[in-house]
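A.B. asks: Protein chains in written order, with the numbering used here: chain W, 1 to 475; chain X, 476 to 948.
Worth flagging that the hints you see were computed from the coordinates, not collected in a lab.
Among the hints, a few may not be true.
[Stated by the list, open to error] Calculated cross-link-like contacts (lysine-lysine; reagent style DSBU-like; alpha-carbon spacing at most 35 angstroms):
no. : chain 1 : residue 1 : chain 2 : residue 2
1   : X       : LYS824    : W       : LYS129
2   : W       : LYS456    : W       : LYS445
3   : X       : LYS848    : W       : LYS268
4   : W       : LYS459    : W       : LYS367
5   : W       : LYS82     : X       : LYS824
6   : W       : LYS456    : W       : LYS392
7   : X       : LYS564    : W       : LYS82
8   : X       : LYS824    : W       : LYS268
9   : X       : LYS535    : W       : LYS82
10  : W       : LYS219    : X       : LYS824
11  : W       : LYS382    : W       : LYS392
12  : W       : LYS475    : W       : LYS391
13  : W       : LYS382    : W       : LYS409
14  : X       : LYS477    : W       : LYS82
15  : X       : LYS477    : X       : LYS535
[Said to hold, decoys possible] Far from chain W, by Cβ distances over 12 angstroms, these chain X residues were calculated:
no. : residue
16  : GLU490
17  : THR519
18  : PHE608
19  : PRO705
20  : LEU775
21  : ARG792
22  : ASP794
23  : LYS824
24  : ALA833
25  : ALA858
26  : PRO873
27  : ASN916
[To be verified] Partial chain W-side listing against chain X, Cβ under 7 angstroms, derived:
no. : residue
28  : PRO43
29  : GLY47
30  : GLY50
31  : VAL54
32  : LYS82
33  : ASN83
34  : PHE85
35  : PRO87
36  : LYS91
37  : LYS268
38  : GLU270
39  : ALA271
40  : ASP273
Yeah, the Cβ is synthetic: ideal placement off N, Cα and C, and Gly gets one too.
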Amino acid sequence: MTLPNGWEMVVGLEVHSELKTATKMFCGCANSFGSEPNTNVCPVCLGLPGSLPVLNQMAVELAMAIGVALHCTIAPSTFHRKNYFYPDMPKDFQISQYDLPINSRGYLDLPDGTQVSVERAHLEEDTGKSTHLGGSGRIHGADHSLVDYNRSGVPLVEIVSGPDIRSSAQARAYASELRGILIATGASDGRMEEGSMRIDANVSVRKAGAPFGTRCEIKNLNSLRSLQRAIDYEALRQTEVLDEGGTIRQETRHWDENRGETSTMRTKEEAEDYRYFREPDLVELDPDQAWQDRVRAALPPMPAARRARLEGLVSDLSDAQRDAIGTVVELDLDHFVIAASEAKADVSVALARSANEIAAGIEHVDKLSVENFVTTVAMEQKGELSATQAKKVLGVLLESGGDPGAIAKSLGFEQLGEGALGELVATCIEENPSEWARYREGDEKLSQFFIGLIMKLTKGQANGKAVIAELQRRK
Amino acid sequence: MKHAIDIAAAVNAKESSASAELATSLAVIAEKNEAINAFLFVDTDGAKSFAATVDERIAKGEQLPLAGVPVAIKDNLCQTGVPTTCSSKILADWRPPYTATVVERLIAAGAIPVGKTNLDEFAMGSSTETSAFGPTKNPLDLSRVPGGSSGGSAAAVAAEMTPISLGSDTGGSIRQPAALCGLVGIKPTYGLVSRYGLIAFASSLDQVGPFAKTVTDAALVLEVIAGHDPMDSTSLPEPAPSLVAHVNDGVVGKRIALVKELYEGADEEVVASVKNAVAALEAAGATIIELSIPELRLGLSAYYLIAPAEASSNLARYDGVRFGLREEGDDVTEMYEATRTAGFGAEVKRRIMLGTYALSAGYFDAYYGQALKVRTQMIKAFAKAYEQADMLIGATTPTVAFEFGSKTSNPMAMYLSDVFTIPTNLAGDAAVSVPFGTGENNLPIGVQILGPGRSEATLLAAARVLEIADGRA
């Protein structure tokens, strides 16, 4: 979206990502989504009197991995208390990093070649989860509220970008690339729909080259689509206010997904005074160089490098294939394409089948072995399976596993081997002598006529390429 | 009453039993507690069960450092299933689902927790008069305070209900009542004793420590409760020091500094006792010097910003949502306000407001930030003093035990009770109060011996010299 009247949007994102640790940030409770409410709790994450936090080493390690992947400086850091009252925050303060974050001053390269600076990526604890019943679904006016403290104390990293983003599409690309990095580092599962990755967007507008305008913060955007829509709406709203001679109030705004609008949550004047001070129950966090080096060495390749590798396997890369590679990397399916390439199978086919068929059955991907995938691609390449058949075989493999050859046979695909197809082609030629004559004289379009007949006879199970090969052979 | 070390010896030798020692303790409590109000809750059934377990362990051949020793626990330390109130209405019905590390260690060492003792609400006070459940009386003079905030734990030992007890010391809350009740009290080095399960008042200052009638008993208890605890991030990464073995090491060759700021302004009889103690230590072979550490005068002001600031955050969780008192309101904010208004007493509210203010935007630098700088100065000043002396000596409190109501109308007068003890907490160092001499109405006077971090063995040896010189053992 382009803003009217020469306005330019300025966007910075704060991305909260839950870390995929086995246990919570300051206690031994399981960090898992979807358990019965209030079952993963103990005196520490319930903030019972007398309990004390002990920092989870794995959370620190994952935070450092994120820092390394975002080219940040890792420095000695401290924890503070952010004080405010809310029922889902058991201690009525949140332990967070403040003036000395573990990671600072990094950057993120986007696929389009632009770069967004990362100011900091700090550790903090998550709150519990409130459900407000009755009223509007917000706490005020609710009849009563239920709180699940399973999420209380789950480790989070908050990644704060610089105000470098200039369009909602770029914001989306940043969030998407960051999500890929979080997944690749093993730090997060990046599941926005489960709230394990949540985004706040700071949006302001200015005339090109002018100083930054007053910003508004849109809270808790939980899909890439919402992010993009909310930023566009908010930037446009601000230009309209300014074009009418109004001013923008610094405030926190709420995004209403159904109405497609942002609205005021609280103004700067209503903002809480968090009374930050050093958390006296924790000591300074100062990961030694050897630990940092171990994290650095153990870091797997990031999405950009993985995309580059796959792109190198495909000659004459099309835009569609570039997108397919993006999908493959996002879903962590690289190894299927790479294995196909190593087996000298058709990389284009492998890429398409990975980005489409495997992606569609991603929840069952564990059932599909790389060997079976490569075999299926090879069968398609050799004409033993049509594209449609290959897709069906992959579907079965994803559903229930098994042997590709046996699956093809059980689906009745094997009679379409060369012999059976040859007989069908011969019959068709015999029954349509004039079309055959024209084809032999060079009217290539008639191949489609014969393919159509064969498809009808085989209920779509023939391989078009194999039909053409048969026709050519008999010419 | 027998000393803890003798009880443990007798029980280990099967000349006595934990159950018998407990019965003695419970009988004294039954006789005296109504008048003294040391205990808020006596866990008779739980204690009997602990005693039975100890007797079984002894029967199986175990030897336990505190075998069968009844112990009183300040009611800001958690014990599973036992009411833990901090002497506050806001926690009146709360029973923790877990046990503080120090209490677990006492139990493991064979001690018998007999109940929970009174304190100033959330340990904020110097007389137990801010307790929501009535003050504790000083067993030596029932018209006077036992000191505070650990007044109940001090009174329990002074009244011989138990030979030992646990308190907590944020600005003097063990040493001051020890002095006023004629007991030995230790404020250990910050981090020596786990705070896990100690309900926080001011986290960077709080430390659990023992009360006992003798230096050896206090040393014995500290040995049991000290040592690294993985549940407390501020816990020192080392095992408990050896203390009992060193109580008779004496002070020969030790340099002890009499510090002007640690006795100036105290009553004459208190100053006289401090000087007599200095003479006794010199006679025992110590080298005495005199020092002035002007930074110590800033301690009280810094403390009354830092401690309330931390408290304002630590006490936020008493909001009526998950545990403790809840007063209903039309919405969540009203519920918070009603609960906290009804649940907290005046002194707690005063400190929460003070601390909230000190941390607020626009005031932080002038108050809390400035107090942290003073704290740093104090740490440096102590470190410098410890280049010249192994220990410092002064008074524990400016006066002997005072009468009920004499300071309640003037918070500053009450706060001044802790003027000599607060600096040690700010520095995170160790200090011991040991009775030496008496004053008005034959009431005990406490002498305070201070040392750098991890100097407990040295301090206790010096305290032992004074204990002998005072004819107490």
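A.B. asks: Determine which of the earlier numbered hints do not hold for this structure and return their numbers in increasing order.
C.D. replies: 9, 14, 19, 21, 22, 24, 32, 37, 38, 39
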